[in-house]
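Peer 1: In our numbering, the protein residues as written are 1 to 168.
It cannot be assumed that every hint is accurate.
As the list claims (entries may be wrong) - Below, a list of computed lysine-lysine pairs in the DSSO-like style, where the Cα atoms sit at most 30 Å apart:
{"#": "1", "residue 1": "K116", "residue 2": "K18"}
{"#": "2", "residue 1": "K68", "residue 2": "K98"}
{"#": "3", "residue 1": "K68", "residue 2": "K105"}
{"#": "4", "residue 1": "K103", "residue 2": "K69"}
{"#": "5", "residue 1": "K113", "residue 2": "K69"}
{"#": "6", "residue 1": "K116", "residue 2": "K21"}
{"#": "7", "residue 1": "K17", "residue 2": "K116"}
{"#": "8", "residue 1": "K68", "residue 2": "K103"}
{"#": "9", "residue 1": "K138", "residue 2": "K17"}
{"#": "10", "residue 1": "K18", "residue 2": "K138"}
{"#": "11", "residue 1": "K64", "residue 2": "K116"}
{"#": "12", "residue 1": "K61", "residue 2": "K116"}
{"#": "13", "residue 1": "K61", "residue 2": "K113"}
{"#": "14", "residue 1": "K68", "residue 2": "K35"}
{"#": "15", "residue 1": "K64", "residue 2": "K21"}
{"#": "16", "residue 1": "K98", "residue 2": "K35"}
{"#": "17", "residue 1": "K98", "residue 2": "K113"}
{"#": "18", "residue 1": "K61", "residue 2": "K17"}
{"#": "19", "residue 1": "K103", "residue 2": "K113"}
{"#": "20", "residue 1": "K35", "residue 2": "K116"}
{"#": "21", "residue 1": "K21", "residue 2": "K113"}
{"#": "22", "residue 1": "K18", "residue 2": "K35"}
{"#": "23", "residue 1": "K105", "residue 2": "K116"}
{"#": "24", "residue 1": "K61", "residue 2": "K105"}
{"#": "25", "residue 1": "K98", "residue 2": "K138"}
{"#": "26", "residue 1": "K17", "residue 2": "K35"}
{"#": "27", "residue 1": "K113", "residue 2": "K68"}
{"#": "28", "residue 1": "K35", "residue 2": "K69"}
{"#": "29", "residue 1": "K68", "residue 2": "K21"}
{"#": "30", "residue 1": "K17", "residue 2": "K105"}
{"#": "31", "residue 1": "K105", "residue 2": "K69"}
{"#": "32", "residue 1": "K18", "residue 2": "K64"}
{"#": "33", "residue 1": "K64", "residue 2": "K113"}
Quick caveat, the hints were computed from the structure, so don't treat them as lab data.
In this text, all values refer to a predicted model and were calculated from it rather than measured experimentally.
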Amino acid sequence: MINFRNIPSDEIEGFVKKLDKKLAFVSSEFGIELKSYGSILRIGLNAIQNETIENLIERLKINKELEKKLDNVGGYTTDYLNENNPKTVLFDLLFFIKENQPKQKILIDFLNKTGKRSIAIADTNDLDFINQQIHNRKVEIIPYTACLIHKPTIYFQITPFSPFEFWI
Numbered sequence: 001m002i003n004f005r006n007i008p009s010d011e012i013e014g015f016v017k018k019l020d021k022k023l024a025f026v027s028s029e030f031g032i033e034l035k036s037y038g039s040i041l042r043i044g045l046n047a048i049q050n051e052t053i054e055n056l057i058e059r060l061k062i063n064k065e066l067e068k069k070l071d072n073v074g075g076y077t078t079d080y081l082n083e084n085n086p087k088t089v090l091f092d093l094l095f096f097i098k099e100n101q102p103k104q105k106i107l108i109d110f111l112n113k114t115g116k117r118s119i120a121i122a123d124t125n126d127l128d129f130i131n132q133q134i135h136n137r138k139v140e141i142i143p144y145t146a147c148l149i150h151k152p153t154i155y156f157q158i159t160p161f162s163p164f165e166f167w168i
């Protein structure tokens, strides 16, 4: 059985909606598409380590995509955007994730408390961190790349009376 866990957060959803509005404003007013912001958002939402979030914050500080594109469009600066600056919302979201770590708390708590034999698939960069945090012997952590090596299918032999959970 494959189980997916949704980690709801009204705060994160609110930040994402604000970011979406501000990106839509910049796009409609100036014809600017900020591709790197989507990548930063995706990595931030998937992060479970503070180091990853801190690196993203530093990366966003030096990211001048918005500033350069505003300048190219007509010599505008971010001051012109006032409250419609998507970069400030992305910073706010990253700081919220860094402070609260909702995904990390729920994931580690779940994996430590599960009584079922489980396999958790983790990003290679997160393996050491997760292995240090998980003390449940019923949980096996494997790298995502292990799934890619065995091309089409991964087979598991499961007895009918032992519950088995597969986390992606």
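Peer 1: It remains to establish, for every hint, whether it holds in the given structure.
Peer 2: Verification of the supplied hints:
For the hint pairing K116 with K18, the CA-to-CA distance comes to about 39 Å; that exceeds 30 Å, so the pair is violated. A distance of roughly 28 Å separates the Cα atoms of K68 and K98; the hinted pair therefore holds under the 30 Å criterion. Restraint check: the Cα-Cα separation between K68 and K105 comes to about 38 Å, which exceeds 30 Å; the hinted pair is violated. About 33 Å separates the Cα atoms of K103 and K69, which puts this hinted pair outside 30 Å; it is violated.
For the suggested pair K113 and K69, the alpha carbons sit about 49 Å apart, so the restraint of at most 30 Å is broken. Proximity of K116 to K21 is assessed by CA-CA distance (about 42 Å); at most 30 Å being required, the pair is judged violated. For a cut-off of 30 Å, the pair hint linking K17 to K116 is broken: about 36 Å separates their Cα positions. Proposed proximity of K68 and K103 is contradicted: the alpha carbons are some 33 Å apart, above 30 Å.
Between K138 and K17 the alpha-carbon distance is near 38 Å, which puts this suggested pair outside the 30 Å criterion. At roughly 41 Å between alpha-carbon atoms, K18 and K138 are farther apart than 30 Å, so this suggested pair is violated. A threshold of 30 Å between alpha carbons decides the hint, and for K64 with K116 the separation of about 47 Å lies outside it, so the pair is violated. Straight-line distance between C-alpha atoms of K61 and K116 comes to about 43 Å, which puts the hinted pair past the 30 Å bound.
Distance check on the hinted pair: K61 and K113 sit about 38 Å apart at the alpha-carbon level, beyond 30 Å; violated. Our distance criterion of 30 Å between C-alpha atoms is met by K68 and K35, whose separation comes to about 13 Å. Of the pairs offered as hints, the one joining K64 and K21 holds, with about 20 Å between alpha carbons and a cut-off of 30 Å not exceeded. For the hint pairing K98 with K35, the CA-to-CA distance comes to about 22 Å; that is within 30 Å, so the pair holds.
As the CA atoms of K98 and K113 are separated by approximately 24 Å, the hinted pair is consistent with the 30 Å bound. Using a Cα cut-off of 30 Å, the hinted pair K61 and K17 holds, with the two alpha carbons roughly 21 Å apart. Between K103 and K113 the alpha-carbon distance is near 15 Å, which keeps this suggested pair within the 30 Å criterion. For the hint pairing K35 with K116, the CA-to-CA distance comes to about 41 Å; that exceeds 30 Å, so the pair is violated.
A threshold of 30 Å between alpha carbons decides the hint, and for K21 with K113 the separation of about 39 Å lies outside it, so the pair is violated. Between the alpha carbons of K18 and K35 the distance comes to roughly 17 Å, so the proposed pair stays at or under 30 Å and holds. A threshold of 30 Å between alpha carbons decides the hint, and for K105 with K116 the separation of about 19 Å falls inside it, so the pair holds. For the hint pairing K61 with K105, the CA-to-CA distance comes to about 27 Å; that is within 30 Å, so the pair holds.
A hinted pair counts as satisfied when its Cα atoms are at most 30 Å apart, and K98 with K138 qualifies at roughly 29 Å. Proposed proximity of K17 and K35 is supported: the alpha carbons are some 17 Å apart, at most 30 Å. With a CA separation close to 49 Å, the supplied pair K113 and K68 exceeds the 30 Å bound. Only pairs whose Cα atoms come within 30 Å are accepted, and K35 paired with K69 is accepted, the gap being roughly 12 Å.
Between the alpha carbons of K68 and K21 the distance comes to roughly 20 Å, so the proposed pair stays at or under 30 Å and holds. Restraint check: the Cα-Cα separation between K17 and K105 comes to about 23 Å, which is no more than 30 Å; the hinted pair holds. A distance of roughly 38 Å separates the Cα atoms of K105 and K69; the hinted pair therefore is violated under the 30 Å criterion. Note on K18 and K64: the hinted pairing holds, with a Cα-Cα distance of about 20 Å set against a maximum of 30 Å.
With a C-alpha separation of about 44 Å, the suggested pairing of K64 with K113 is violated against the 30 Å cut-off.
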